[in-house]
Amino acid sequence: MWYKRTIPLVIVFVIGVLAFAHNYVPYPEADDFREHMTKWFMIIGGFGLFLGAYSLLHMHVSRIRRMQPGWAYSAFVFIGAAGMIIVGLWNDGYGPLESAPSTAKTWFDWGFDYVQIPCSATIFSILAFFMASAAFRTFRARNVNAALLLVAALLVMFGRVPASESVGAWFGQQGFFPKIADLIMEFPNLAATRGILLGMSLGAISQSLRILFGIERSYMGVGD
Amino acid sequence: MATPQEQIKRMTIIRHIIYALVAAAVVLPYIVKMDMPFSASKWSKKMYEAIDKLEPGSRVLLSFDYDPAAEAELYPMSMALLRHCFKKDLIPIVMTHWPDGVGMCKKACEEAAAESPKLWGKEKISGRDFALLGFRVGGADLILNMGENLKGAFTKDFYDEPTAGMAALEGVDSLRDIDMAVDLAAGIHVQVWIAYGHDRFDFPLGAGTTAVIAPKLYPFLQTDQLVGFLGGLRGAADYELMLEQSGKATQGMQAQSVTHVLLIVMIVVANARFIVNRLRGKQEA
Amino acid sequence: MTRGGFTALHFLLAAVLATVALCGGCMRKGVRLADLRAALPDASTVRLYDRPSDDGSALILEWGKVDDVVEGVSYAVEVAKSADDFETRQFKTVKVELTEDSLKSADPKYFGFSEANKKFYVATILPAKLFPPAGAPELTADHIKKLVADDVLSKEQSKLILAEMASDTPDEKLTDEEKACRKWLRRLKLYPRVMQLADEGKLPESKVQRAIRAMTDETADDALSGGDKADRRWLALLAAFIEKRDTKQRDQAAKAINKGVYYVRLAATDGRKKAYVLQDREKVVYSGQARVDTFKRFKLNNLVFALAFSGIVLAFIQIARRNPNLFIRRIAGLEAVDEAIGRATEMGRSVYFVHGLGSMGELATIAAVNVLSRVARRAADYDTRITVTNINPIVMAVSQEVVQQAYTEAGRPDAYDPDDVALSATSQFSYAAAVTGRMVRERPAAIFLIGSFMAESLLLSETGASTGAIQVAGTDSEHQLPFFITTCDYTLIGEELYAASAYLSREPRMLGSLRGQDIGKAFMMIAMVVGVILLTIAVAVAWFDADWITHLVKVL
Amino acid sequence: MTAVDNTQTSSSSRRTIELVVLVGLVTAFGIISALVRFPLEEGEKLRDVIGIIIGAGLTFIFYSFLYRDNPLFKIAENLYVGVALGYGAIITWRQSLRPEVYDPLFRAVTSEAFWHELSYRVVPIVLGILLMTRLSKKHSWLSRYSYGLMVGWGAGMGIFVVTDSYILKQLEGAIRPLQKIVTDPDVAANLSFFDQAWPVVGSLVILIGTVSVLFYFFFSVPHKRLGSGFSRVGISYLMIAFGASFGYTVMGRMSLLIGRVQFLMFEWLKIKQ
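Those protein sequence lines, which keep their order, are chains A, B, C and D.
Going by the UniProt record's numbering, the first sequence opens with residue 1, and the numbers climb by one from there.
Going by the UniProt record's numbering, the second sequence opens with residue 1, and the numbers climb by one from there.
Going by the UniProt record's numbering, the third sequence opens with residue 1, and the numbers climb by one from there.
Going by the UniProt record's numbering, the fourth sequence opens with residue 1, and the numbers climb by one from there.
Calculated directly from the structure, the hints in this document are not laboratory data.
Incorrect hints may appear among the rest.
For the chain C half of the interface with chain B, some residues (derived, Cβ under 7 Å), not all of them [as the list claims (entries may be wrong)]:
| no. | residue |
| --- | --- |
| 1 | Pro108 |
| 2 | Lys109 |
| 3 | Glu243 |
| 4 | Gly437 |
| 5 | His479 |
| 6 | Met525 |
Computed footprint of chain B on chain D; a stretch qualifies when at least three of its residues, placed anywhere within it, have a C-beta under 8 Å from a C-beta of chain B [to be verified]:
| no. | stretch |
| --- | --- |
| 7 | 81-93 |
| 8 | 156-162 |
All values derive from a computational prediction rather than experimental measurement.
Glycine is no exception: its CB is placed at the ideal position from the N, C-alpha and C atoms.
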């Protein structure tokens, strides 16, 4: 139906062309337009955040309802979320409408500092172990390319830590290894990164074009 | 050939040995004192100098775009930058693009303000000597909006105080009035800040990133779209070194050295075995 | 002074001082009038015009550069709202030093890169900066008196406030009491604005009373009772509202100021004397008006590139619609697909296809599904079991469809088992744990890791490699590429994955974009090589000038 | 759901040993925490100390995953997801909806301010609410209006910005004369041949690299003869860059581990450096 499909596509096209064109116009109204639009998106985006939270919760609810394997663990999601939301709204007695005085540390901050930070930092630090294990068991110079990669990696890894300066100092060249790492970063790495960046930018532009002209419609979601 | 079960068992054992080795390597430097001096790297120096030469009272926008997962790398950087600002009487304006980054911003600002009287003999008050703006949704749109009207984008600061009339933001109507901005990012936000902030509204931009992001920034350093950058924990350690304030990053450098050397040795040994086996025409077990 | 009054000695002293000062001044700025006149440009080269490509906030006065100007001379540009204002000395002055920065060439954003720009000085005249709009009314002693008269403030309080208004001690040196007083004064400064609002009828009487009550309350923030605290917070909101309103009004007033006609004279000066540009012995007055322009000329290169590239991409998408057989080069990783499935058949083991974390909208996931269709078809042909692991229900549904289709095309629809394409887990690390667990137990002969991956990539590919399977990876997640390259046998790097997908699916939008992007890449490669060669030769031999190449891509 | 279940063959006696070790470890953790952290030092708050102990406990639970997936890990993981979710929800309210939607309307200081804000915000608020229709199957098409607006804006703005900042600006950086231009003749005279040659080599390395990497991702011509050599140069550059990225990633991951160890050492065990 035209109001389900056509009008959204027209909106995309019109707003997209305006978003593109206003950059070339020095009218102060163009800047005002940008200010208004971006402010609007900030407001809409706030609702979007809730959408994300809701779908995560929904997933765990349905897990519990369907009694999928491990569903009992999902209950802890609700315990954690409920705890945080309650202390967040209670807000040291100030309620949801006002912030607690500046210097005070609320229970909400407590939850963040002593549950969220340790958990999230630890989960990612587990990767250090996996990486070490992988380094020993699977990182092999299988071919010339992988060999190049590994050599560059070793040089950069070594050049970026203080140990390299201590080792260099034994040979009277304290800055030798860091220098090598810098050379790798500033020449071959720069060149390759720039090549990738240029290629990706072209890709991003053509993706934007496909969206503007309605060739790419995945953002519209499923359905008619 | 070993049965799958035996092989799995062997694999698990090797795995666990490696985990133990890594754990030992990280803890070791805190038990055995090691002294490994190092000097600040080139781009960290440029970043430090860019901030150091600002006049007292200059506004430095700090965007802490990371969540607790990157705390280990970027929190020391945040602290070093805030300390530098407070030492030089610059006025930091702190914000974030990540909802989870708010907690990090708050923690860093309050910690730096609390220690300021002790370190530099200067009392630092929110709203006067620094502004903690907090989080707003929007990403690139938020930057564009701040470029036109900073106080409109953040009508209230983190503490629910209106930004209009705030002493720390006096004369700052948009990003054009910022003297310097630094983005500490665990994601793509540096590139967003470059494209939507620096290139549109013309202010010097520095970056501090997790090590994973760092190699991607080199093209922007060559084109002066970034004045300098701090890469990972080492970047933070460099900054602490120049600021002469030893902190968590400096303390971590020894452990970083030991683990890197361990990994290098492991990769070299494994590859030597692999190459020797291949020369002998054997399949690797 | 003593009763002796003004003695001869005093007089002598004053005279000596004055002479010294005068001489010093002369020594410093001693530029003869003739030299000043010599520094004046020819009147015919002076032009006043609207600054091009701008938002109507500036006028430009331009004049020819004069050679051999004596040191100590600078230019003064006098700006007035009407020609008569020069008589009454109601004009503002813009100083222009004789440096490179004042040359027209220093601002290519508005004036371009023409070589001739080095021969002109320019002065930028910003009317709204020179004649700023009236600010908000300030708090004066009269206001305080009125407050005392209204019995809102006590005499003592008014004294404190008046003393604080006169004080200019920096914040650090104040005592705590003085600090509190200064905060109080900050609140009181709102008074004139609140009264203005009340006069305009924008603020009802009750709210005016509330504002005045909150302003005049000297209690410190933390000693306030509940109701007063709410009042003070409300005052802060009112203050914010007032400032926002003021800013808006100021901006509007500035716009109006920018629109006016302005009159300008140019003079050479040594800081005291001035020599004006004359014509028929009359000081020449130029007049002009700033206007809003319609196009940012300095963004022309951007516009041309963006439009040209867009045109090419759209054209190729059209071409690909008509002819889906556009050439795409061989991609090494794709050939490995057949090899890997062949090996799996020989060994009688299964093939794994591991989806990344991406949702169905992502390019990498779309590409992954296209590759899956090929893998599934081959597996069906060879009668090898294929297992697809998913983390996203929608991707799973699509994958089931694709695999079923492949089996049908291979003529063995009955061999398809939907349980082979199942959801493995719903969060990142449990997905990794579940998939690696299965890999270790089932030991597939070939593993395809295709899509967008995050930190779990290493876990998956490490385990896969240690089971001895042939691994083919493909992703556009740059961070994860190094791990795939070191642990997998073949890796589709970044755009190669899209190309592989376009190659397999022959979808016009993918094919066309790919071809369009290739044209863009070709342009960039040529621009870089030719540009660098020309510039290098130009610098080495200095026979010709190749700066225009840099100017073509310059972002201003 | 299966985990890294490598111990299928483990017997029940093994299970018992594991359980005993687990209980032992938990007890040890409790005892160590109590010994180190209690009684409280001056200036310490009980709730912070408990917080640190909980944080340390969670850290250990997550590391237990390295041995094997286990129920404690799963509980901690889900608890963490929940806490993060709750934190996100509250922050969304406090830092987005309250200042952008609630405050301007319900805490407007004058009626003029209220009407002004309402006229300014009514459209985005409606669009924001429409966004929520994505949750329903039947009405999700309504959310297309909001998404359309955002996606269209992003696409249009993106074309301009990407062209400007990533393409033209990078081309500007790439198109430079090979030799370093030394304007001061005194300096130029003192430079040795190598001093002058290095920048040329460096610039050449960058130029060849950028062009060959672009060529590697060029799909319209077959990579034969010269092309194949050139694309091989490109892939070598890519490999070195990935190597650099690899090295940095190792550094980053190790830093995270170091961060956790520092937390355990300095904050939990209070070891003074």
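Here's how the hints hold up against the structure:
A distance limit of 7 Å between C-beta atoms decides the matter here; for proline 108 of chain C the minimum to chain B is near 15 Å, and the interface restraint is violated. Hint status for lysine 109 of chain C: violated, given a least beta-carbon distance of 11 Å to chain B, over 7 Å. Satisfaction of the interface hint for glutamate 243 of chain C is found here, the shortest Cβ-Cβ separation to chain B being roughly 4 Å, below the 7 Å cut-off. Hint status for glycine 437 of chain C relative to chain B: violated, with the closest Cβ pair at about 10 Å, above 7 Å.
Interface restraint check for histidine 479 of chain C: the shortest CB-CB distance to chain B comes to about 6 Å, inside 7 Å, so the restraint holds. Violation of the interface hint for methionine 525 of chain C is found here, the shortest Cβ-Cβ separation to chain B being roughly 16 Å, above the 7 Å cut-off. Chain B is given as covering the stretch 81-93 of chain D, and this holds because 5 residues of the stretch bring a CB closer than 8 Å to a CB of that chain, at least three being needed. Only when three residues or more bring their CB closer than 8 Å to a CB of chain B does the claim for the stretch 156-162 of chain D stand; here the count is 3, and the claim holds.
Going down the numbered hints, you'll see the structure goes against 1, 2, 4 and 6, while the others check out.
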